[in-house]
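Note that the protein sequences, when read in sequence, are chains A and B. Just so we're aligned: 368 in this note's numbering is position 368 of the first sequence, and the numbers increase by one with no gaps anywhere. Just so we're aligned: 716 in this note's numbering is position 234 of the second sequence, and the numbers increase by one with no gaps anywhere.
Please note: incorrect hints may appear among the correct ones.
As the list claims (entries may be wrong) - Negatives, chain A to chain B, calculated, CB over 10 Å:
(1) Asp55
(2) Ile99
(3) Pro109
(4) Val218
(5) Thr299
(6) Ser458
(7) Ser459
(8) Met462
Said to hold, decoys possible - Here are the simulated distance ranges between beta carbons:
(9) Ala482(A) / Arg1070(B): 39 to 47 Å
(10) Thr453(A) / Thr922(B): 48 to 56 Å
(11) Pro228(A) / Arg1070(B): 30 to 38 Å
(12) Trp454(A) / Arg1070(B): 51 to 59 Å
(13) Asp1175(B) / Ala294(A): 33 to 41 Å
Don't read these hints as lab results, they were simulated from the structure. Note that beta-carbon positions come from the ideal geometry of N, C-alpha and C, so glycine has one too.
Residue strings, one per chain:
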Amino acid sequence: MSNINTNRRQFLKQSGALSAASTFGTSLFLNLSAAADAAAADGAGYKALVCIFLDGGNDACNTILPEYDDQESWTRYNAVRGLIRLDKPTGKTSGPYAISGAKTYPLHPSLSNVSAMLNETGSKLALVANVGNILDTTTNAAGTLPAQLRSHNDQTTVWQDGKNNMASAGWGGRAVELTNIQAANTQANSFRAVVLGNNNVFCYGASASANVRPYGMVRKQGVIPVLPQRDAQGNVFGSLSADKVLQVMQGNYTSWFHPRTNQIELDYVDLTRRAQDSQSYMADLLTKDPTVDAVAIPTNASGVPYELAQDLQIVAKVIAGQRKVGATGRQVFYVSLRGFDIHTDGGAHAKLLTQVDKSMRYFRDALGGNLNNVVAFTASEFGRLLHANGDGCDHGWGGHQIVMGGPVKGGKIYGTVPHYQRNNLGYTDAQMLGDGALVPSISLGSYASSLLTWFGVSSTEMTGVLDAAAMVGGSALSGMLA
Amino acid sequence: MANAEILDQSRIELDDAPNTEAPSSDLAQHLTTSATLLAAAATLTACGGGGEDTPAASPANNRVQPAGIGSYGTPDAAGAWRFLQQASMGGTEADIKTNVIAKGYEGWLSEQMAIPYSNTVANKAPAAGTYAYDYYVARAGGAPKQTLRPGIPSSSSPFGTIDSVDDEWSRHITAYLWSRSVNNTDQLRQRVVYALSQFLVVSLRHEVLGFSPFLVAGYMDMLCANAFGNFRTLIENVCRSPAMGYYLTHAANTAPEFDDTTTPPTIKRIPDQNFARELLQLFTLGLTKLNMDGTEVTVGGVPVPSLTATDVPVLSNVFTGWALDRSADYAVSPLLMYRYRSTQTATADIWNFQERDELYDTSENGFDLDKRVYYFSSRPRYRRSLRYIVSMAPFVTFTQKRIHEINKDTSGQFVQEDLGTIQTHSTQALMCRQLGLSSTQPVAFLGNSAFQLGLDPVSSMKNALDAIFAHQNLAPFVAKQMIQHLVTSNPSTTYVQSVATAFQNANWDMKVLIRAILMDTEARLVSTSVSYGRLKEPYLRVVQLMRAFGVPGLYPAETLTIADPIKALNLNHQYMWAPSVFNDFSPRYVYKGGKMANSNKVMPQMQICTETSVVAYVNAMHDILQKGLGQSDLPIDTTGNSPGALLLKPIVDAKPTPAGIVSLINLRLFGGTMSEDLQNMTLGAATGTSTTDATLLNRIKAAIFLAVLSTEYLVQR
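Work the whole structure out from these sequences, hints included.
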């Protein structure tokens, strides 16, 4: 019996409910946890960390363009970017842009909302340049490269794991399982880490006892009720009671002397039980704050709502619900947008960045005042090569990210956007590998660490969450999060 | 979307005759036979029902037979059913009784492997009803095999205009894949292709393939044609597949280019590495060096990478110069979609006509002349050219042409302009230059320390595949994945080694691979290991249910409804709809915190199971039983069933007792291995006082519903 199931059984036992079959639609267990929430404070201490993963490797070189006045980089950029080359804007601020010190960097033309949020007074949005998977301080163009540097699966795992050991636990899950970071719902471990979509590494905790596992939600509905088809008597197919259905779903039909023993079956049943336990609680939470629904979800040119915004709407609703019930703990969220693995373009990158741009603006608006308790950040397994392959480009290394939230001191680029001029064909330039991959100047560990410090992870705890050896370039991020 | 409306009405019976069950008059006899078969299965029921993880009894740990292929005598019902769980899309009663029991495991395998899948694509004379793409022929208006759904008059055909046919896109191939899984008799091939398609992935969830499913039809034909052939030939066909060419973007990939006007000279463009990378990492070798038993080679506890940094760049040079075959043979498509696109009538001038269509193609999509080679046409305007299903053609060089249209509004004449020749296939010198080597320096690729590009794409590919097939990973990598897809997610090292060795020794004969997997003691003997087996994918769960009871007809709109990734009633899984080349789930996925993970076992299919998807499955199964795959209240057809619904009327007509219902479910869905507890649960659902047909039908559905929700059904053991 796995831990979560043990916890659930223990809890039910303590509340005298073990012998009572779970009735449909309401769970005593979760009503109790909701009551505990209501008794808590106003949620002022609540913090949420939202990972927006750009699946496939976002093309950083077309996200932040070369510095406006750096003609050498533009020459290089124009020469090697082939058909995905973007035009240099007519003026420094004629299109989307970012300012870093005295320098101005044009952004991809699709990033108009990001630009507006970046350049407004009291900006709460920042860019972070050239972040990547760095093993330790010796990693660079001439030194040891991380293993499987260009493999989607492996680098996705590394980015989410944060410890470079290809583990099955992630820095989001490890952070919320720390004892000093109280869970948003102390009873319902389920909700400490919430993921929209299929299972991933980021939200899993490492400790078997704390047992942080991602709670999976679905776009638009958030949660799905069991058998909405049942009739007024709670039956399906005429006379089959839904309780019988639950009994089979949850593996409770077996007699005590004939238990199922196959572990694949038992793991599946565990998940089903967990789903049923948490369903009504989460459904209720989603309706706590109707103001989120008042903000319109952005759509594409054909009027189809952006999927990323739909996912972020569910996140905004959960956060709003937690704040309403006065939760004081921490939650991590994971949403993702697929399609960044663009080996042939055809306008795909512009469409995706437009979706990111409008969805992040939407998320800020949907969060309203709750933005003060939230930091959202982008991540992507790698950037892409500066060199085009014609009408696309291939897997690279370092990439640029966006960080947005109430505590963010925005309005600038943290870190250094690489300079593209090179010495010769052999690429001795330390900022790029031979094929045009950016050598990161800020490690993934330092990027994550800056976010987690705000989240409440102490410096001594940080080594348990992230790989201590892989802290490179973190000073560039100082002051980004208050 | 307008298409949805068109397609929701498009209910045309698929080509293959439904695999209907015994007529109602025989059903009483049928039920009696079921009981007899169940009695015969009783001994194995006890074995399959549970027990502790006793290493001594586990074939994974202590083989009853020596490693490798054993002899297992005449199968009983449970054994035959269990075999069909691994070797087919699901066993029917007929498969169990008249096929596997009567012929034996070996006999059935031999018979299945002998069912031909002759390739008439090469002959350009497709015979009706055989091929995936033929389905599209049938759709092209007035087609030979077009039959409307029973009960719908032909005058209300939704295919009134050819344009609507052209716009149906992916839902028809989706329906066709369901139909083949459910109804085809070449079940071993269907299951093997289902397995292959999950690691040699192309997907309809793609901006080109989704709108040109003809590409996917050709890919499925290719996998089917090679399923019992040679794996090297299969991989070569994957390399040359236009569907893969679009999916992993090596179609129209060209040689590196350099800018010699700068000092020093610089690289202007490098070849696309997408396909090269996944061919090595996902299709053939994987990322870490493997022993023959599938375990990783480690040094000091650290896995040794199977590739070096230059392997992918080298292979990306190999896969340059491949593009759609423009030979006139394939331009003159039997499908002749052009006819419907224009008033132009003469087919004599078809070549020019095609140019014109492509000119529209390029202009509509804003291609300009800098765009690689424009007539490789990456946004096909028309979706059914034979060029999408025949292998891509090699081009060493390519002469770019531009076609200008003069007086477009009136005469529509064209002139052709020659734009010069470009190097499409890379050369040794260009590759060396990209790698920063002199052209005389040796280039290493995998185990070959002096790899040479050929003079053309075909010979380069041969050289590369020679190196790939000489790599120590190939046999264990492919063997283990196929075992995971067919038999168990966590095969023993002995099992992997035995299958990999047989596969390699047979020079990559797929027949030997399949036989070695299915006839191994670890596949054939019932295991009591608590980690044995595999969680069935949602698609397989539904297809097995449909095969067990039969369906009168499958209709395009219904199957796509099931695939909708947003709907609450979706299965979160669909054939050929993977979200990326990594498939829906990874063969290495570990369900963190679970019992399997604590035993260091992977659980691949659990990656698509979330709190919401496990509930969605329950809701979806309810509606499939209640309304059919369509999940909408459509008129009852002449067979007394909803479209895509299970054929339950014959069972109702036979008036079975509650025990008879349970016994039928036990045989059809569990091969007689249903646990006593589940039998009791379903018996309760099958029992009632009213004797009307309607309530009897409801009780049958209720009993099946409980059965398919149980983990006994969900886990293939």
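Each hint tested on the structure:
1. Asp55: 8 Å, violated
2. Ile99: 30 Å, holds
3. Pro109: Given that every Cβ of chain B is farther than 10 Å from that of Pro109(A), nearest at about 16 Å, it holds.
4. Val218: 4 Å, violated
5. Thr299: The claim holds: Thr299(A) sits with its nearest Cβ about 14 Å from chain B, beyond 10 Å.
6. Ser458: The claim holds: Ser458(A) sits with its nearest Cβ about 25 Å from chain B, beyond 10 Å.
7. Ser459: 27 Å, holds
8. Met462: 21 Å, holds
9. Ala482(A) / Arg1070(B): 39 to 47 Å: 40 Å, holds
10. Thr453(A) / Thr922(B): 48 to 56 Å: Distance hint for Thr453(A), Thr922(B) holds at roughly 54 Å.
11. Pro228(A) / Arg1070(B): 30 to 38 Å: Holds, at about 36 Å.
12. Trp454(A) / Arg1070(B): 51 to 59 Å: Violated, at about 33 Å.
13. Asp1175(B) / Ala294(A): 33 to 41 Å: Taking Cβ atoms as reference, Asp1175(B) and Ala294(A) lie about 51 Å apart, which means the hint is violated.
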